[in-house]
Structure formats: C-alpha cells, structure tokens
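Protein chains: 2
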Amino acid sequence: MIPSRKFLEEAGKRVAPFVHKTLVLTSYFLNEKSGAQLFFKCENFQKMGAFKMRGAINAIQQLSDAQKKAGVVTHSSGNFGQALALAAKSLAVPAYIVMPQSAPSVKVEAVRGYGGLVTITASNLEAREKAADKIVQEKGAVLLHPSNDMEVILGQGTAAMELLEEIEDLDYILTPVGGGGLLAGTALAAHYFGKNTRVIGGEPLAMDDAYRALKSGKIEANEFGDTIADGLKTNLGDINFPIIKTLVTDIIRVEEDEIIAAMRLIWERMKIIIEPSSAVAFGALLKEKERFKNNKVGIILSGGNVDLSNLPF
Amino acid sequence: MIPSRKFLEEAGKRVAPFVHKTLVLTSYFLNEKSGAQLFFKCENFQKMGAFKMRGAINAIQQLSDAQKKAGVVTHSSGNFGQALALAAKSLAVPAYIVMPQSAPSVKVEAVRGYGGLVTITASNLEAREKAADKIVQEKGAVLLHPSNDMEVILGQGTAAMELLEEIEDLDYILTPVGGGGLLAGTALAAHYFGKNTRVIGGEPLAMDDAYRALKSGKIEANEFGDTIADGLKTNLGDINFPIIKTLVTDIIRVEEDEIIAAMRLIWERMKIIIEPSSAVAFGALLKEKERFKNNKVGIILSGGNVDLSNLPF
Chain G
1 MIPSRKFLEE AGKRVAPFVH KTLVLTSYFL NEKSGAQLFF KCENFQKMGA FKMRGAINAI
61 QQLSDAQKKA GVVTHSSGNF GQALALAAKS LAVPAYIVMP QSAPSVKVEA VRGYGGLVTI
121 TASNLEAREK AADKIVQEKG AVLLHPSNDM EVILGQGTAA MELLEEIEDL DYILTPVGGG
181 GLLAGTALAA HYFGKNTRVI GGEPLAMDDA YRALKSGKIE ANEFGDTIAD GLKTNLGDIN
241 FPIIKTLVTD IIRVEEDEII AAMRLIWERM KIIIEPSSAV AFGALLKEKE RFKNNKVGII
301 LSGGNVDLSN LPF
Chain W
1 MIPSRKFLEE AGKRVAPFVH KTLVLTSYFL NEKSGAQLFF KCENFQKMGA FKMRGAINAI
61 QQLSDAQKKA GVVTHSSGNF GQALALAAKS LAVPAYIVMP QSAPSVKVEA VRGYGGLVTI
121 TASNLEAREK AADKIVQEKG AVLLHPSNDM EVILGQGTAA MELLEEIEDL DYILTPVGGG
181 GLLAGTALAA HYFGKNTRVI GGEPLAMDDA YRALKSGKIE ANEFGDTIAD GLKTNLGDIN
241 FPIIKTLVTD IIRVEEDEII AAMRLIWERM KIIIEPSSAV AFGALLKEKE RFKNNKVGII
301 LSGGNVDLSN LPF
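From first to last, the protein sequence lines are chains G and W.
If you read the first sequence in the UniProt record's numbering, its first letter stands for residue 1, the second for the next number, and so on.
If you read the second sequence in the UniProt record's numbering, its first letter stands for residue 1, the second for the next number, and so on.
The set of hints was computed from the structure by calculation and includes no laboratory data.
Check before you lean on any hint, since a few could be wrong.
Where chains are identical, the list cannot tell them apart; a pair therefore holds if satisfied intra-copy or between any two copies.
In the PhoX-like style, the derived pairs of lysine-lysine whose C-alpha atoms are separated by at most 25 Å in a straight line are [said to hold, decoys possible]:
#1 Lys-21 - Lys-296
#2 Lys-68 - Lys-289
#3 Lys-33 - Lys-21
#4 Lys-89 - Lys-245
#5 Lys-287 - Lys-107
#6 Lys-33 - Lys-107
#7 Lys-89 - Lys-33
Because the structure is a prediction, the values reported are computed rather than measured.
Take the sequences, apply the hints, and build the full model.
In structure tokens, the structure reads:
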C-alpha cells in the first residue's frame with residue numbers, strides 16, 4: 001500500500017521537466033504572528049495555477065503508447081480538469097474534460113485554452129460519471145481520478161520533495177486536504193526525504209471527512225455542509241487513505257471565518273494570491289499555534305485560481 | 001543637476017542592508033500576450049509593501065547625527081508615510097507623520113505599527129503643510145519630501161540597479177510616474193548601469209502632468225481629474241524634473257480602464273497583488289505593444305498596498 005522511495009524519486013524526475021520549481025517564500029510578519037518559522041511553497045505560481053499539474057503530468061507519462069494515443073478523461077470541474085488538459089497538451093495527448101453546466105464559463109474557457117476537449121453535462125455526479133464512461137468506451141481514453149490514483153499521488157508529492165530539498169530540516173509540513181492526493185503525496189515525500197518531518201492536514205470543519213476517517217480508521221463521507229474552500233469538497237479514497245492513515249500525524253479542522261482570515265492575511269502581508277483551499281493549511285497552523293511554536297513549518301500553498309469578481313472580503 | 005555614478009553606487013551600499021533584494025518574476029503568458037520579454041521587479045514584496053522604503057532609508061542615513069536625533073517629518077498620507085516610519089525605526093530615529101483626517105484608519109494604524117508618531121490634521125494640503133512646519137520648528141525635525149529630494153531619488157534608483165544587476169541587457173525599463181522620484185531614480189540607474197536601456201514612464205491620462213512637462217519643458221500642474229492610481233496624484237518637482245527631462249525617453253498615458261485591466265491581468269496570471277499605481281507601467285506597455293515587441297523590458301511593480309475591501313473588480 002505504501003510505495004517505496006524509488007517510486008517517488010522516479011516521479012520527481014518525470015515531473016521536473018514539465019513543471020515550475022516553485023518559489024519558497026517567507027514572511028517576517030507571519031513568523032512573528034505565528035511564533036513559528038514558516039516556509040511557503042508557492043504552488044499558486046505553478047503552471048495553470050495549482051499543484052494539480054504535477055499529478056496529471058506524472059500519471060499521463062505512465063500510460064502505454066496506445067493509451068496515450070487514445071487520450072485521457074476526467075470529470076473534474078476544478079483545477080484538475082485544467083491540469084489534465086495542460087499536462088496532456090505538453091505531452092501531445094488528447095484530453096477529454098467532462099464539466100457540469102454549473103461550471104463558470106471562465107473555467108470552461110481555461111480548459112479549452114489549454115487544448116482540452118470539453119463535454120458539458122448536467123451538474124449531478126451521476127451525469128458526469130456517465131459522460132466520462134461514454135468517452136472511455138467510445139474513444140478508449142483512460143479515466144484519471146484527481147486524487148485517488150497512485151501516479152497522481154506520487155506526482156503531487158513532488159512539491160514537498162522540492163520543498164525538503166530546499167529546507168531540509170522542517171519539523172512539519174502542512175497541506176490542505178480534500179480528496180487526499182496532495183496530503184498522501186506530501187506524507188510520502190516527508191517519510192522518505194524529511195528528517196522526522198511530520199505531516200498534518202488542514203481541513204474545513206464543514207467537510208471534515210478526513211478528520212473523522214483518521215479517528216475511525218475507515219473512509220468517511222461528507223453528508224452535509226458547504227465550504228468556501230471549494231477545492232476540498234471531496235472525499236478520501238481507497239488508494240490515498242492507507243497512506244494518510246499510516247503517515248499523517250493529524251488533521252486540524254478550520255472554520256470558515258478562519259479560512260477567510262488566513263487567506264486575507266496572506267494576501268495582505270505576502271502580496272500573493274492564494275485560493276481559499278490553500279488558506280486552510282495556514283489557517284490550521286494559526287488555530288493551533290502553540291503546537292508549532294519555534295518549529296520550522298512548511299506550508300503548501302496549493303493554488304491561486306480565484307474568481308476576482310467573487311471574493312469573500 | 002545630474003548626480004554622478006558614484007552617488008548611486010553609494011546609495012546602493014547604504015540601502016542594501018535595510019531592504020529586501022526583491023524578486024524578479026517572469027510570466028510565459030504575459031510574454032506571449034505582449035510580444036516582449038518581461039521582467040517584473042517585485043517591489044510589492046518590499047518591506048512595508050512598496051519601493052518607497054528605499055528612498056526613505058537612504059535619505060535618513062544622510063542626515064547629521066543632530067538631525068537624526070531630532071527626527072524626520074513628512075505629510076504623506078500614502079506609502080511614503082509608512083516607509084519613513086519604518087525606515088526611521090530601523091535607524092532608531094523619531095518619525096513624525098502628518099496624516100489627513102480622511103486617511104483610512106488602516107493606514108494610520110500601519111504608520112503607528114511601524115513606530116511613527118502620527119499627527120492628524122484637516123485634509124487640505126495647507127493644513128498638512130502647516131502641521132509639518134510646526135513639527136519642524138518645535139522638534140527641529142527634518143522635513144523629507146516623498147519624491148522631490150535628491151537622496152530619496154537616489155534611494156528609489158536602487159530598485160532598477162538591482163534589476164539591471166540581474167538582467168543586464170534590458171532594452172527598456174518602465175515605471176509608473178507620480179511625483180517623479182521613482183522615475184528619476186530609475187533613469188539615473190539605467191543611465192549609469194544599463195546598456196542603452198531606455199526608461200519610459202507610465203502615467204494616468206487623468207493626471208498627465210509629467211507627459212505635458214516632457215512636451216513643454218517645464219513643470220506642469222494637474223488641474224482636474226482623478227485616478228484609481230492614488231499613489232500618482234502628485235506633481236513633478238524641481239529636483240527630479242531636470243533628471244527626467246534629460247534621461248527619460250517618453251511618457252505613455254494610460255486610461256483608467258486600461259489601468260484596471262492591467263492590474264487584473266497581473267493578479268490573475270501572476271498570482272501577485274499589486275496596487276493600481278503599479279499597474280500603470282504594465283498598462284503603458286500593453287498600450288504601445290508594437291514599440292516593445294521582441295524587446296527585453298523591465299517593469300517596476302512599485303507596490304502592493306491595496307484595500308481588499310475596495311477593489312475595482
């Protein structure tokens with residue numbers, strides 16, 4: 001269930017030529033405010049604006065030549081759809097992206113701009129899955145899951161690998177947790193390349209399936225609730241959860257107003273744009289300041305794709 | 001009227017220990033869009049969020065010990081007030097900042113947070129000047145002008161010096177122009193450290209005194225008009241204008257909607273926060289794309305202090 005070190009090393013080599021080695025930024029003010037020494041890994045500066053590019057580029061490269069020719073398909077309405085389209089374009093592979101009617105036209109246009117072949121369906125999950133299945137059958141395309149896929153997980157782990165190459169002795173790395181791909185990949189990276197680096201997930205209280213799963217030992221569902229961190233409205237899966245269960249120290253739950261406050265602090269003080277999902281990891285740190293005091297903490301700022309016409313402040 | 005190379009070199013040495021050597025960022029998308037190769041000097045990441053820190057720290061160091069003991073005073077309601085407060089604090093010098101009643105409380109608090117001694121007056125210029133004069137007389141403090149002061153100009157020039165150290169063969173450097181301190185300092189830096197690097201100012205059409213001054217050969221006033229680029233609502237002065245007249249190639253005027261569009265492009269594509277004044281230089285480039293085509297162009301992003309509750313989009 002836990003891939004060995006060499007799988008990560010190989011993913012690192014596969015991913016590197018196609019992604020930005022993103023900046024690691026620090027902030028004197030936020031160090032003072034938190035009492036910890038913070039290192040922000042800026043995946044908001046990544047190609048297409050989010051870490052998801054890493055998993056997509058790794059997964060596509062692992063397909064056979066016949067599969068690459070047939071293409072890849074996903075039904076993510078968020079960053080993974082854009083990431084898959086751009087990654088596929090970089091590798092000259094067709095990408096079919098199923099998107100719900102409810103998706104903002106700017107996102108549909110972004111996917112098309114990256115060369116993705118868009119299919120619009122009804123907004124419910126069933127319709128989206130059905131449309132994706134149809135493409136799999138008709139085109140022979142490979143369905144890629146945004147987070148519950150080992151090659152995607154390994155790809156996402158390369159952000160933390162880069163971070164640990166630059167800052168070797170981190171005590172903690174914090175990431176947001178939604179579907180669990182980034183958290184699982186980060187946990188693997190810390191396990192093999194950290195020096196006793198613990199990994200903690202930040203999760204919206206309103207969608208706390210990962211928190212409950214870590215307590216119960218089994219995958220949990222999000223029944224109700226909503227969150228501004230719209231990239232995190234998903235569940236852990238059977239491939240990433242065993243990694244998370246084994247290698248992640250804890251999940252810290254963050255309330256909506258804390259997410260917005262953390263986001264605003266980073267915008268105002270670091271002058272960079274992060275999406276609400278990214279702010280959840282920093283919000284988790286602020287929520288449990290005492291725990292991180294005087295520690296060196298890496299925070300993965302997962303992305304920067306926000307709708308500037310619809311900000312929470 | 002034009003200081004020699006050694007004055008800039010010395011300013012560079014004086015300023016360096018007290019400021020961030022800010023990042024130079026690039027954007028594949030914006031290169032494609034503009035047809036030029038762009039290098040953004042990110043003074044929005046500078047201490048207190050703007051280049052003004054550079055001029056303030058240089059000017060204070062040039063005072064005598066007695067002057068330093070008495071302190072410095074300015075009546076800027078914008079970034080220079082904050083810059084002077086923080087620079088003075090770094091050098092253990094008292095800073096008296098005269099601010100109008102109309103200044104947002106967040107700005108007043110920022111100045112106080114940097115240790116500035118704030119005097120609130122009526123919002124008109126006369127009241128502010130009177131209050132500043134009173135402090136000069138009572139405390140013996142030295143009045144520093146935000147842009148029409150040779151030591152301030154030399155300090156502002158250090159941003160372009162750093163940029164040219166990193167990217168040696170820039171064809172152009174663009175800066176916004178308001179009071180003229182940054183533009184004059186940049187022109188000096190390009191003159192001594194560039195390789196035929198031309199300097200162009202971007203100016204709001206509604207406040208185009210620098211454009212008119214370059215045509216008429218004398219300092220011009222802004223009679224009417226308003227601009228979202230609130231840092232640029234000021235006039236050239238008798239110390240910076242001779243430098244600008246001699247060393248600046250041109251001023252490009254930018255309309256309000258072009259400023260906002262340029263700002264939005266940088267936020268959305270580079271995921272960094274810049275203030276409207278900073279967007280004017282990039283807006284000038286977009287306005288006259290043909291002129292810059294296939295050239296290497298440095299753009300000084302002057303600052304990132306915006307009110308997130310009051311955005312133009």
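Cross-check of the supplied hints:
1. Lys-21 - Lys-296: For Lys-21 and Lys-296, the Cα distance is within 25 Å both inside one copy (21 Å) and across copies (23 Å).
2. Lys-68 - Lys-289: neither (46 Å within a copy, 39 Å between copies)
3. Lys-33 - Lys-21: So Lys-33 and Lys-21 pass the 25 Å test across copies only (23 Å; inside, 28 Å).
4. Lys-89 - Lys-245: neither (35 Å within a copy, 49 Å between copies)
5. Lys-287 - Lys-107: For Lys-287 and Lys-107, neither the intra-copy (32 Å) nor the inter-copy (27 Å) Cα distance is at most 25 Å.
6. Lys-33 - Lys-107: Only across copies: Lys-33 and Lys-107 sit 19 Å apart there, 35 Å inside one copy, limit 25 Å.
7. Lys-89 - Lys-33: between (42 Å within a copy, 19 Å between copies)
When each numbered hint is compared with the structure, violations occur for hints 2, 4, 5.
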